[in-house]
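Take a look at the letters that make up each chain.
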Amino acid sequence: MPIDLGRVQKEIRDIDRDKASGVTIEVQGNSVQKLIGCLKGPRDTPFDGGIFYVNIELDDQYPFVPPKMRFITKVWHPNISSANGAICLDILKDQWSPALTLKTALLSLQALLSSPQPDDPQDAVVARQYMGSLAEYEATARQWTQTYAHAQQVVGLEAKVQQIVEMGFGREQALAALKRANGDENGAMEILLGA
Amino acid sequence: MSAALEALTVPHAGGPLAAPQQQPPAGALQQQQQPPAALGAAPKLLDAEEDPKAALKAQAAELESQEDILFSCNICYDLASEPVVTLCGHLYCWPCLYRWLQVQSHCRTCPVCKAGVEKDKVIPIYGRGGNEDPRAKSKGEPEAVPQRPAGQRPAPVVRNPLLQPNANVNAQQGGLGIIPTLFGLQNGNGNGGYAEPLTPEQQHQAFLSRLLLMLGSFVIMCLLLF
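For the record, the sequence lines run as chains A and B. Take 196 as the starting number for the first sequence in our numbering and just add one per residue. Take 8 as the starting number for the second sequence in our numbering and just add one per residue.
Since no wrong hints were added, every one of them can be taken at face value.
Simulated crosslink set (DSS-like; lysine-lysine; CA at most 25 Å straight-line): (1) B:121 / A:288; (2) A:288 / A:298; (3) A:288 / A:229; (4) A:229 / A:298; (5) B:121 / A:298; (6) A:288 / A:235; (7) A:288 / B:126; (8) B:121 / A:263.
Because the hints were derived from the structure by calculation, they are not lab data.
Given these sequences and hints, build the entire structure.
Here it is as structure tokens:
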């Protein structure tokens with residue numbers, strides 16, 4: 196049975212309408228089953244000032260099964276894998292209910308950022324650090340936020356991608372090449388031209 | 008796009024984990040500064056693909072009205088078709104709720120409030136225009152969804168006629184309506200004749216009154232016959 200398009204569209208529209216919520220969502224391409232959510236790091240936490248992107252995949256069974264969510268932006272948090280962004284959050288697993296939405300799930304992620312649950316960790320290393328030395332954890336988390344989730348970098352990269360796209364390459368190609376060239380647009384161009 | 012993101016995410020997976028206990032060394036950070044940002048920028052790059060989404064949005068906006076929100080199913084967000092309400096008061100389409108109860112095998116709960124829900128304890132709502140042609144069903148369900156449970160039909164609450172100072176009732180009682188008065192069981196405060204559900208105490212009194220009435224008639228009959 197195909198996914199309930201009507202509901203997903205309503206959800207997306209609700210998120211777009213509510214500017215105050217601090218979360219946004221973008222459809223990837225033409226299918227509404229692949230989305231990218233975006234949330235701001237909560238204030239007074241090491242994640243303050245960061246912009247975090249979340250990869251969202253909707254199963255055909257959605258909303259009867261939870262959406263698959265994974266952080267794209269790297270996060271230092273006991274309940275988020277520092278390696279692949281996997282999230283340990285009950286409502287994304289057995290506590291899911293079809294009355295929950297993508298918006299409530301993203302808001303829950305925001306809440307998770309402000310209140311880590313080290314007793315049920317996804318990343319044991321981070322959890323151990325959190326339990327052992329809170330100050331050290333906060334410093335690392337803040338540094339990761341500045342390194343990986345800072346708004347200015349996101350904007351800077353967008354400009355580079357634009358530049359390459361203007362030269363006639365696809366966005367995905369541009370992104371991949373920039374990644375391989377470690378963000379250097381000249382290097383990326385060389386890769387693209389060589390390929 | 009997603010494949011590209013996948014590809015982008017994997018390569019630096021091992022990096023900062025190598026020194027997870029302390030802060031990532033400055034050199035490593037430098038090296039990795041751009042790639043994650045590249046990932047972060049991905050959604051912004053989608054702006055050019057706004058068109059299909061905008062079209063979808065406009066289409067959906069047309070369909071929605073205020074009533075839809077008030078009486079929409081808590082699962083599919085559409086106007087509830089074959090509406091049922093749980094004992095906790097939450098409205099669903101019967102096919103949606105049925106499917107959720109099938110999905111939830113071990114512990115069946117209301118999606119909104121997590122109260123317990125049983126399939127045969129939901130209340131169907133029959134609106135005025137509820138008799139739709141079953142062949143016109145828009146949602147093709149993979150497994151047959153059974154009929155929603157029928158509404159319960161409790162017997163209407165009958166006021167005890169004895170508690171009503173009303174001439175008609177006395178006539179129905181064949182003139183014996185006066186007897187409870189003799190026994191002092193008449194509801195003296197005279198509630199003006201409008202129907203109110205009886206309290207258990209009143210019901211008990213009424214039962215006693217009827218019992219005494221029967222006993223009295225029996226004694227009189229015995230006296231007359233023997």
